[in-house]
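Single-letter residue listing:
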Amino acid sequence: MFFRIVCSLVSFVSGKSFEGGESIMKRYLILRCGIAMALAASWAATGHAATPAAAPAPEAAIDPATVPMPNLTFTPDAEVERNYGKYFFFHREGTDFATAYADLRECDDYARGLAFRVRNASYMPVPAGLAGGIGAGIGGAVGSALADAIFGSAERRRQRRIIMRTCMGYKAYSTFGLPRDQWLLFNFDEGNKSPPEEVRQAMLLRQARAASGPRPQIGKVH
Amino acid sequence: MRSFILRLVALAALAVPTSALAQQPEGDLRPVQIGEDDAFAVDPQRAYIFFRSRDRVPYRLLREITDTERAEHVARQAERLATARAEYSRLLEIYRRGRETCLDPRFPCRVPDRPTAPIEAHFSNPPELSNFVDVAIRPRLTAADGWSGYFLSVRPGTYSFYGQMTVDVQAGALGVCLCMGSVRFEARPGQITYVGEVQGPQATEDAPDVDSFQLVHAMSIRPHSASMPMPERFAGLNVVSAELRAADKKPNYFGVMISRMAPVEGVLGYRRDEVLDLRAQPQPAQTGGN
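Residue numbers (the working numbering), protein chains in the order written: chain R, 176 to 397; chain F, 8 to 297.
Bound-form chain R, shown alone (with noise of 0.2 Å):
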């Protein structure tokens, strides 16, 4: 119902009654008011807020020669280009691996726990016998697992690059895009559920040489 409101809220202030220039949050909610609307988004906290998780702190310094560089050779074609905005990794002339880890970590950081869910979104079909009361209840219920799953899933996996490419992009690291395939072997997004820490530490040290390493050569997307 909120939700609801909110959109409602967008709509009236994006009418003729609105003289101003026009912000990205709003640019941003009257998007996503359509899905938003349909899907009535929630929030997976409980409580008052969604404290995202901090990464633990590094460990002792970590020497780069022992992580694998990235494969970042590939010969793009129209496929691949188009998908540089959801497959790409970030890289700065004269930066350090270590300087490169801990502004990775920090924008990581950022991007974790979306608080984008969506739920109540009754999708799967309650046989009719069972329509109100309980049966509403599990179609409701299971409905919004799937929803979420597909629509909310998508959502968060687009939020997190966003969120990324703006912190990156703050830290003036240039956006080089890559094939899907070589693209998965050093980085997760968290549409439906995050990697263990480890493995998500070995992601962002991979992404660390990554960025620290030669100057890519092609596939320069800012």
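No wet-lab data here; the hints were simulated from the structure. Note that beta-carbon positions come from the ideal geometry of N, C-alpha and C, so glycine has one too. The reader is advised that the hints may include incorrect statements.
Stated by the list, open to error - What follows is a list of derived Cβ distance ranges for each label pair: (1) F:L36 / R:D356: 51 to 59 Å; (2) R:N246 / F:I126: 38 to 46 Å; (3) R:D356 / F:P236: 52 to 60 Å; (4) F:A82 / R:S369: 30 to 38 Å; (5) R:A253 / F:R37: 53 to 61 Å.
We have chain R already, so just place chain F on it with the hints.
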């Protein structure tokens, strides 16, 4: 017609009770948003914040935790954890006795469930979570020429703009936090602090989508100046211009999108992602980004 109804619903939903101020007992320093229909008198125990916004979106301010409050919070959390552990010990003893009894063939019964031990992490919430102040789209103190004036009665302290966002326990969190840099200012008791004018950027793309990614600042602020309109109701009251300072990075507490405040001349700058307090040590700054 549909659009009209939608807007009507929105208006109805935004009809926040404005009697909150009158109902607040003395000594209660919870924040109150004051609208044009609300009567108010300056309370010397409270601070007042006013700013104008080009965009009608919800904002969140964060009141900084003082060292004393942080120490109190830590002590309170430790006390709660100790209480939970004592309760756990009591329940564990009951469980053990019950289990022994039920495993005795002479007294067959259902073995009780083992109690769950309290986890320290559940008692270590950051104190900031109780110090956010929401600025709803309504009520507004002023509305003219596309600008909305928001007026808050709050606990005195140091405040920063945390983001253009809204949080609801049922619905979730939505919006953008200024987690990577913002501005802060003092709100002193008995004073109305006029912060200035805030607005979002003129977006050139439909959305901050990765495919059309543009690195922007989600919000900009013009510090208060004499050219900005003063609400008539402030006549005769103690109104001061906010002295803006740079506010450092903050965690993404609510799992929303992230951004930062646009640089403010002489106040806030960036060296890549490093937040520079230009009042403290003037130096050349760059905004970074691509």
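Results of checking the hints against the structure:
Separation of F:L36 from R:D356 is about 57 Å and conforms to the stated range, judged on CB atoms against 51 to 59 Å. For the hinted restraint 38 to 46 Å between R:N246 and F:I126, the CB-CB distance of approximately 41 Å keeps it satisfied. The supplied range of 52 to 60 Å is met by R:D356 and F:P236, whose beta-carbon atoms lie about 59 Å from each other. Checked against the hint of 30 to 38 Å, the pair F:A82 and R:S369 passes, with Cβ atoms roughly 32 Å apart.
Between R:A253 and F:R37 the CB atoms are about 58 Å apart, so this pair conforms to the stated range of 53 to 61 Å.
Violated hints are absent here; each numbered hint is respected by the structure.
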